[in-house]
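Enquirer: Could you put the whole structure together from the sequences, leaning on the hints where they help?
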Amino acid sequence: MLEAYLKDALVARLTAWADDEVVLAQRLSEWVGHAPILEEDIAIANLAQDELGHAKLWLELRQELDGSDPDRLVYFRDPLEFQNAILVELPKGDWAFTMVRQYLFDAYENLRLKEAAKSAYPPLAEAASCILKEERFHLKHSSLWVERLGQGTEESHRRTQEALETLFPYVHQLFQPLPGDEALVEAGVVPDLKALEAPYLEEVTAHLVRSGLRPPEGGYVPKSRREHTEYLWSLLAEMQSVARWDPEAKAW
Amino acid sequence: MVERYWEALKGVRDPEIPVLNIVEMGMVLGVEAEGEKVRVRFRPTFSGCPALRLIREEMEKALRGAGAKEVEVVETRVPWSTGAMAAEAKEKLRAYGIAPPLPLPMAEVAQEDPPCPRCGSGQVVLKNAFGATLCKMLYQCQACGEVFEAFKAV
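Going line by line, the protein sequences match chains A and B.
With the first letter of the first sequence counted as 1, position 106 gets the number 106 in this note's numbering; the numbers rise by one all the way through.
With the first letter of the second sequence counted as 1, position 13 gets the number 13 in this note's numbering; the numbers rise by one all the way through.
No wet-lab data here; the hints were simulated from the structure.
We put the CB at the ideal spot given by N, CA and C, even for glycine.
Watch out, some of these pointers could steer you wrong.
Partial chain A-side listing against chain B, Cβ under 7 Å, derived [what the hints assert, rightly or not]:
| hint | residue |
| --- | --- |
| 1 | I42 |
| 2 | A43 |
| 3 | D50 |
| 4 | H54 |
| 5 | E126 |
| 6 | A127 |
| 7 | S129 |
| 8 | A195 |
Expert: And the structure:
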């Protein structure tokens with residue numbers, strides 16, 4: 001059982017992770033029917049569905065702690081209540097932008113989940129192990145795409161490098177601690193994200209350079225997960241429209 | 001009495017792989033009966049599996065059909081693995097045209113590809129790491145030309 005003083009901190013942490021997954025799933029789903037080739041259309045629908053499944057797992061853990069309803073949280077919260085990182089809410093852009101974002105996010109998830117699978121809080125360790133099994137396929141897929149695009153044609157290289165210039169500074173936000181994280185890390189409930197940042201940067205930089213790309217230095221890093229861009233508003237308006245239109249419906 | 005409920009659960013199929021039932025897939029972790037009350041513990045295969053709701057309903061229906069008056073289906077987070085799949089289940093998959101999952105060390109560490117379920121050749125090419133459902137990948141056999149699905153080893 002979780003000690004009472006850790007409960008609120010863990011609720012906040014789980015919400016942040018779940019919101020990353022939900023918002024990214026929505027962005028991925030925008031490609032369904034529009035991906036460059038049929039195989040990728042299928043793949044991206046799979047990715048979106050997996051990320052939603054992961055959000056469900058995190059929100060069910062939260063539900064066990066505070067009784068909140070996962071559907072209400074996803075479909076009826078306002079944009080300012082969402083705790084996702086800016087990386088996942090930026091518009092889908094071109095194929096290079098989507099694949100670079102996916103790679104940067106997948107590499108972070110794999111690293112973080114490997115650590116989270118050792119959590120002292122068994123429900124979290126189990127959820128992380130389940131998710132990790134699926135995430136391995138994501139990382140394999142997106143890392144191959146980054147390589148293919150980076151070393152492909154002049155145009156694919158240019159687009160991929162441009163995507164990286166925009167996206168790379170935002171990855172730092174993924175490693176920022178929330179106010180309650182310190183206590184959670186101390187109790188061994190969640191991994192120390194700050195400690196994962198250096199190995200992460202080393203791993204992705206190596207892969208990006210191998211793919212002929214240059215990760216940019218500097219850039220703006222959001223200060224907290226309460227910060228959002230205007231793009232989150234339209235994303236949620238679309239995602240939540242059906243649920244808000246008919247709140248009494250039993251399933252969407 | 002419990003055996004009877006296990007038998008009933010063998011009638012519940014995964015709608016996305018209709019040749020397999022949920023017991024041989026290793027999804028059912030335990031069945032407890034107390035009088036006419038039955039409690040089943042099960043684990044989903046993939047977390048975002050859209051068939052989950054239907055499978056739960058089918059489980060409840062099957063158990064009621066076997067005489068249970070009260071049914072409780074508990075979804076656990078115990079990670080599922082293709083290692084839990086019975087040998088007969090893998091054979092059924094192959095006969096159905098889906099390459100069964102390789103043992104994890106072969107698939108993950110050695111990065112081996114599954115042989116073609118039609119001609120058995122090992123000369124296969126991965127076409128897509130994602131398939132028509134979350135649990136499958138798409139391959140093509142270089143020997144016989146067959147395009148086939150393979151169950152992901154997880």
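Enquirer: All the hints need checking, so say for each whether the structure fits it.
Expert: Consistency of the hints with the structure:
Using the Cβ-Cβ criterion of 7 Å, the hint placing I42 of chain A at the interface with chain B is satisfied: the shortest such distance is roughly 6 Å. Proximity of A43 of chain A to chain B holds as hinted, the smallest CB-CB distance being about 4 Å (cut-off 7 Å). About 5 Å separates the beta-carbon of D50 of chain A from the nearest beta-carbon of chain B, less than 7 Å, and the hint is met. Given the 7 Å rule on beta carbons, the hint for H54 of chain A holds: about 6 Å separates it from the nearest Cβ of chain B.
Given the 7 Å rule on beta carbons, the hint for E126 of chain A holds: about 4 Å separates it from the nearest Cβ of chain B. Because the closest C-beta pair between A127 of chain A and chain B is about 6 Å apart, less than 7 Å, the hint holds. Checking S129 of chain A against chain B by beta carbon gives a least distance of about 5 Å; that is within 7 Å, so the hint holds. About 25 Å separates the beta-carbon of A195 of chain A from the nearest beta-carbon of chain B, more than 7 Å, and the hint is not met.
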